[in-house]
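Undergrad: As given, the protein sequences belong to chains R and V, one line each in that order.
The number in my numbering is simply the position in the first sequence, starting from 1, with 1 added.
The number in my numbering is simply the position in the second sequence, starting from 1, with 12 added.
These aren't lab readings, by the way, just hints derived from the structure by calculation.
It is possible that part of the hints are untrue.
To be verified - Pairs of lysine-lysine residues, derived as BS3-like cross-links and limited to a Cα-Cα distance of at most 27 Å, are as follows:
1) R:K13 with V:K190
2) V:K308 with V:K261
3) R:K13 with V:K261
4) R:K63 with V:K31
5) V:K419 with V:K31
6) R:K67 with V:K368
7) V:K556 with R:K73
8) V:K556 with R:K63
9) R:K67 with V:K31
10) R:K67 with V:K419
11) R:K73 with V:K202
12) V:K556 with V:K368
13) V:K144 with V:K261
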Amino acid sequence: MRHTISVLVENKFGVLSRVSGLFSGRGYNIESLSVGETTDPQISTMTVVTRGDDRIIEQITKQLNKLIDVIKVVDLVEVDHVEREMILIKVAPKQENKAEVLRLAEIFRGRIVDSSQRTYTVEITGDEKKIEAFIELMRPIGIKELVRTGRVAMAREGVKPK
Amino acid sequence: MKKTGAEIFIDCLKKLGVKHIFGYPGGVVLNIFDVLYDDKDLKLILTRHEQGAVHAADGYARSTGKPGVVLVTSGPGATNTVTGIATASMDSIPLVVFSGQVSTMLIGNDAFQEADIVGITRPCTKYNYLIKDVNDLSHIIREAFHIATTGRPGPVLVDLPKDVTSNKASPLCSDEVKVRSYNPTYEGNKWMIRRAALEIEKSKKPVIIAGGGVILSDASAELKTLAEVAGIPVTMTLMGLGAFPGSNKLSLGMPGMHGTYYANKAIQESDLLIAIGMRFDDRVTGKIAAFAPHAKIVHIDIDPTSIRKNVRVDIPIVGDAGRIMRDLNKAIQKETKKQWNEVRKAWLKQINTWKKQYPLSYTYSDEVIKPQFVVEKIYEITKGNAIISTEVGQNQMWAAQFFKYDKPRSLLTSGGLGTMGYGFPAAIGAQLANPNRTVIDIAGDGSIQMNIQELATAVIYKLPVKVAILNNHFLGMVRQWQELFFRERYSYSNLDVVPDFVKVAEAYGAVGLRATKPDEVEPVIKESLKVKKPVFMDFVVDWKEKVYPMVPAGAAIDEMLFEEKEGKKEKKKLKAVK
Chain R
2 MRHTISVLVE NKFGVLSRVS GLFSGRGYNI ESLSVGETTD PQISTMTVVT
52 RGDDRIIEQI TKQLNKLIDV IKVVDLVEVD HVEREMILIK VAPKQENKAE
102 VLRLAEIFRG RIVDSSQRTY TVEITGDEKK IEAFIELMRP IGIKELVRTG
152 RVAMAREGVK PK
Chain V
13 MKKTGAEIFI DCLKKLGVKH IFGYPGGVVL NIFDVLYDDK DLKLILTRHE
63 QGAVHAADGY ARSTGKPGVV LVTSGPGATN TVTGIATASM DSIPLVVFSG
113 QVSTMLIGND AFQEADIVGI TRPCTKYNYL IKDVNDLSHI IREAFHIATT
163 GRPGPVLVDL PKDVTSNKAS PLCSDEVKVR SYNPTYEGNK WMIRRAALEI
213 EKSKKPVIIA GGGVILSDAS AELKTLAEVA GIPVTMTLMG LGAFPGSNKL
263 SLGMPGMHGT YYANKAIQES DLLIAIGMRF DDRVTGKIAA FAPHAKIVHI
313 DIDPTSIRKN VRVDIPIVGD AGRIMRDLNK AIQKETKKQW NEVRKAWLKQ
363 INTWKKQYPL SYTYSDEVIK PQFVVEKIYE ITKGNAIIST EVGQNQMWAA
413 QFFKYDKPRS LLTSGGLGTM GYGFPAAIGA QLANPNRTVI DIAGDGSIQM
463 NIQELATAVI YKLPVKVAIL NNHFLGMVRQ WQELFFRERY SYSNLDVVPD
513 FVKVAEAYGA VGLRATKPDE VEPVIKESLK VKKPVFMDFV VDWKEKVYPM
563 VPAGAAIDEM LFEEKEGKKE KKKLKAVK
């Protein structure tokens, strides 16, 4: 099962490599990883999306907690939470499809952030299903380039744990 | 008045109570060595290889409980420490390793003798640091010692760029260390302890497996109380030997691959397994699916990741082994002790039957020295009152089987990583820390050659370490596996040319003795103990001897192979007993 784990860490050099080294050294998967500072510049949040059975996820959270630089680990599967990812997708539609790209971008509440004679670059933000759906719609139209931020997630406020 | 980084470094170590550093100089640590030159209170033990320095610091730490301290230069000096650090990491031994580094402005430039040692040692240290500013030096040194010695101990590496040791700062040495994200749990959960106590009272066939954690937590007294009050037999992992007296009638010796049959059988038949400060290594559990099938498992460990990593656990208790056992001993209802004695009598009787049926044994010979006989003689002559270190392979297993460790910190062995070449430098470190004890390294002819250069260290510092080389001209454990599982195809396990160890010892200014016949064993050991110098004892032993009993890879731990006595043909047959 897939888990989104939010890890609060000391914002020091080498921390990312300690976390990623833990995953690679013990053979755990990382599906996505995103890192950024919190309001306190000494602390960063890492959002790790990983996969494994209960025993593996238990080990992952324990092993993360064991790292000296890790302050807090929350497996978001256990709580109600919001997840978002942003992608930039560059498509090269044929003349007859150009309007379709604009229309779909609008439906998905995306934005055209760059355009050239032959391409549009679209910014889409959303949860995984929305992102995947947009990518699937763009595929037949012709994707030139795709970058993803990886997921970020946050627990909802005022909701009891599942 | 401001001081240089090198001066602050030495001041801090002394303030932390460090008396000995093991190390080796080099370009970027010359500032520190220059300060050390005049220092009367802090002594550096100059080894002949950085790996030797780390193992010696490790032996020092294991035999005393104090952290071992190492100082080496950058690049190759630092990379040479990696095996030693990984060895300490696997066995949770507190070490603080200081490595030199090129100046901060050169880092990343592939400078002369530059290595990214922080990157290299990240997976095999508990934590590591690169100090970039001399003002951080003193608090990082304190923090390093704090992290190395608390919680589940382990090695910490501190990388010291050359300019950090020459730059000046105010020598502020704060006493308080606080790492907000590092708060080990010491007290066990009361409810879990109560549940464990109830299970102990209910159990008819309990067994304790004690590991290295009991020794690290100095909890032998608590363990003895627990075992004796509740009448529970104790088996000890390789790292746990000595945690409970090996000669006590409740002791079952070591479990696992080369453990005793009765320890393994007791685990398999038990209805309650109390694991304390051990991590269910695969050498202990054998086939996991068939491990302790009838037992409820209580697991006491300070490291939460050890719990449920390999085996299912019914009652997990995270915390310090000593404190938890103290609480557990209080929680157990002593008035029911009589009752238990009745209940447990049958269990202990059953275990005694197994002990008689399949004791540890070997076939003595008048003609050729059996390696087990050497270990037995060492035990007999030292009356078990020596610090024993081992190398890795057959020598390690025989030292675990045929020497009974009655006190903690008396067996120094690389359990987790299985590092050949560990024992000799570790013995040197232990001898330095315990000048009045007899320290003996039980070695093989392969292992001893992996750090044989440390003979010079032993001679120069007048450390009268004894090395008993069980010389079979083979990498014995490899050969044993090849004999049993690879149709006797001895692929590259025959060492053929083995040096004359007597001459090697003499060449270094030590003493060399040799025994080729069983009746020479005792005089050689006695002679070595009389000599106040390092001694190599070359025991030319039966090369065909194998370590038994043995659990083949992938089998359950009670499916053991034994040596068949009075072999009908020249080739000994094996039989499995279930």
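Undergrad: All the hints need checking, so say for each whether the structure fits it.
TA: Against the structure, the hints come out as follows:
Of the pairs offered as hints, the one joining K13 (chain R) and K190 (chain V) holds, with about 16 Å between alpha carbons and a cut-off of 27 Å not exceeded. For the proposed pair K308 (chain V) and K261 (chain V), the alpha carbon gap of about 24 Å is at most 27 Å, so the pair holds. For a cut-off of 27 Å, the pair hint linking K13 (chain R) to K261 (chain V) is broken: about 53 Å separates their Cα positions. Between K63 (chain R) and K31 (chain V) the CA atoms are separated by roughly 36 Å; this puts the pair beyond 27 Å, and the hint is violated.
The suggested pairing of K419 (chain V) with K31 (chain V) holds, with an alpha-carbon distance near 25 Å, which does not exceed 27 Å. Taking the CA atoms of K67 (chain R) and K368 (chain V), the gap is about 45 Å. The hint is violated against a cut of 27 Å. As the CA atoms of K556 (chain V) and K73 (chain R) are separated by approximately 55 Å, the hinted pair breaks the 27 Å bound. Taking the CA atoms of K556 (chain V) and K63 (chain R), the gap is about 46 Å. The hint is violated against a cut of 27 Å.
Between the alpha carbons of K67 (chain R) and K31 (chain V) the distance comes to roughly 31 Å, so the proposed pair goes past 27 Å and is violated. With a CA separation close to 31 Å, the supplied pair K67 (chain R) and K419 (chain V) exceeds the 27 Å bound. Between K73 (chain R) and K202 (chain V) the alpha-carbon distance is near 24 Å, which keeps this suggested pair within the 27 Å criterion. Restraint check: the Cα-Cα separation between K556 (chain V) and K368 (chain V) comes to about 26 Å, which is no more than 27 Å; the hinted pair holds.
Distance check on the hinted pair: K144 (chain V) and K261 (chain V) sit about 56 Å apart at the alpha-carbon level, beyond 27 Å; violated.
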